[in-house]
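Participant: Quick mapping for you: the protein sequence lines, in order, are chains A and B. In this text, residue positions in the first sequence follow the working numbering: the first is 155, and each later residue adds one. In this text, residue positions in the second sequence follow the working numbering: the first is 45, and each later residue adds one.
Hints are computed from structural coordinates only; laboratory data are not their basis.
Restraint ranges, calculated between C-beta atoms of paired labels, are given here: (1) A:Leu159 with B:Leu119: 54 to 62 Å; (2) A:Ile452 with B:Leu119: 47 to 55 Å; (3) B:Ser199 with A:Ile452: 33 to 41 Å; (4) A:Pro322 with B:Val170: 53 to 61 Å; (5) B:His256 with A:Pro268: 38 to 46 Å; (6) A:Arg359 with B:His163: 28 to 36 Å.
In this text, a Cβ means the ideal position worked out from N, Cα and C, and glycines have one as well.
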Amino acid sequence: MRYYLRKLVGLVITLFLVSLVTFFVFQILPGDPALIILGIDADPYQVEALRASLGLGRPLSMRYLSWLTGLFSGDLGVSIRYNQSVSSLIKEGLKVTSLLALYSMVLTVLIALPVGIWLAVHSRKRYSIPVSVLSQISLSVPSFCMGIFLISIFSVRLGWLPSIGYTPLSEGLLASFKSLLLPSLSVAIGSSAVLIRYIKVSVQREEGKDYVRTARSKGLTRGRIMYTHVLKNSLIPVITTLGLLTADILGGSIIIENIFSLPGIGRLITVSIASRDLPLIQGLVLYLASIVVVCNFIVDLIYSLVDPRIRLR
Amino acid sequence: MSLVELKDFSLSFSEKGRLLEAVNSISLSIEQSEMVALVGESGCGKSATALSLIGLENESAVFSGHVYFEDVDLLTFSEKEWEKIRGNRISMIFQEPMTALNPLLKVGPQIAENLSVHHQNVRRAVIRDKVLEILKSVGLSDVERIYRSYPHQLSGGQRQRIMIAMALINNPSLLIADEPTTALDVTIQAEIIDLIKRMNREKGTAVLLISHNLSLVKGLTRRAYIMYSGSIVESGHTEEILNNPIHPYTRGLLASVPSIKSRGRRLYSIPGYVPSLEERSNVGCPFASRCSIKSEKCMKERPKMSDLGGHGYSCFFSPEEIERRMNG
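The shape of chain A in the complex, shown without the other chains:
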């Protein structure tokens, strides 16, 4: 119980620090935020009006405090570019991005788990070399290249899947899934290559441990030893990697959403930076950072479920 409490306190403190950093990073940008947003040739009256609406006249700590209290009520300010509340924009984008991230994650695990285990078991065999090489290649190909590559095959050549746009869930599960399949696959191929390496190494290391020898001395088959003994033990380091990959996948969505023209968080980030939409950028960065922190918190929780020793610490 103390373990969970400690992790929870850690989570709250980290989130607070994240909010602090996100806020102040954008405050120490040199120059007047209003001028940055409107450009140096802007009308002085307009600049003054923006300064007032951003509350730039007030001291820094006061502005942080009001931003922070806004956070708690879900108010992240109003986007300058869209003239909409930041939280509603994020909510819209989230519908796409969260599905994209989820699909990518599931695909990553679905690809990496069997391939990683297979490579661990057959690593000494010559026929495993092409698989290793292939995973090595997908590791080094950036996701946008993979995206373009997949589009050229599945959309242009074969015409099986759409190359751009997003079909919402409300318009049919299958259509929605199809519209996100290529983007999530281009993310998943790269991240599964990372995960494959971790799984392979982890499984191989566990296979050399004493308890595996004990399991063999009981007369268990290799398959059963892998399934009941090795897998659970080797998943512990893999879960960590999976937590880190969530951050990767979210970051990667910025590029992928642009390639596939998906109206998600990634697109929002690109637009907000291009139009110097300060409140929106702040909200997005805070949101992304929080997701990563929360994911790592969840990873810690999963840890304790898998490994009973962790709860003691």
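Chain A is already provided as a structure; the job is to place chain B on it using the hints.
Facilitator: Just chain B now, kept in the frame of chain A:
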């Protein structure tokens, strides 16, 4: 018929195209319900021999000779056949009880697994009862709690008892105990030894005890084999070997055990070290390089096992000659 019979058993590892011999043509037998010790320094091939007996030696190992278990040659076994016999007819306990159990599974199911894998149609409740019963019989109390415990919640002694329970739950004919007490506290060591002894008496399980510890062997086993650098150099009744050692290596081994008599004197140690697999030569007596009484012949020829009324030794010299040369 003997329960176990090793005949001219050799074991080599192929490494970088070379064949390195870890066990050199040894012969050894274990009768039903007998307790036999295999004694030697680390690296002498005793653990490799033990692992071969349960088919867990490294895949790169190359065998020759015969390993008969109940008159079937184990060296001809396929993996499928091994899986039927392991944990069922032949069991093994290991040196390090702290790591020999899966840290993420409760110990009860880990023991139950050994039973269920060899008896497919037994009901879960029956299996559970049997596990609790064997936990009791290896001297554990509060077995319900232990059944539900994870390995890290138990002490080293408790874990070794659990290993023994696991090994014996199918009533095997042979238990291989590879240094079962080396990793334990001295007081716990005695308890574990007593337990193995009692299990041998109650269940009639034959035990092959692998050890470097002569005093441990003394209280436990009827017969012993002394192994050096992949060969057996002396064999016979444990008492006889300990009281009247013949081979210069056995003598050296006994002289290096601290005792009340040797108090205050500098403890003897055999000069030199056990040659590594790469350094071993195939000609001559394996002990020649460290032997204080070696002759020309010892470097060129390998001595055969001589038998002196059930007390075997592999040396060119007679026991009297060895005695004279070592003291002279």
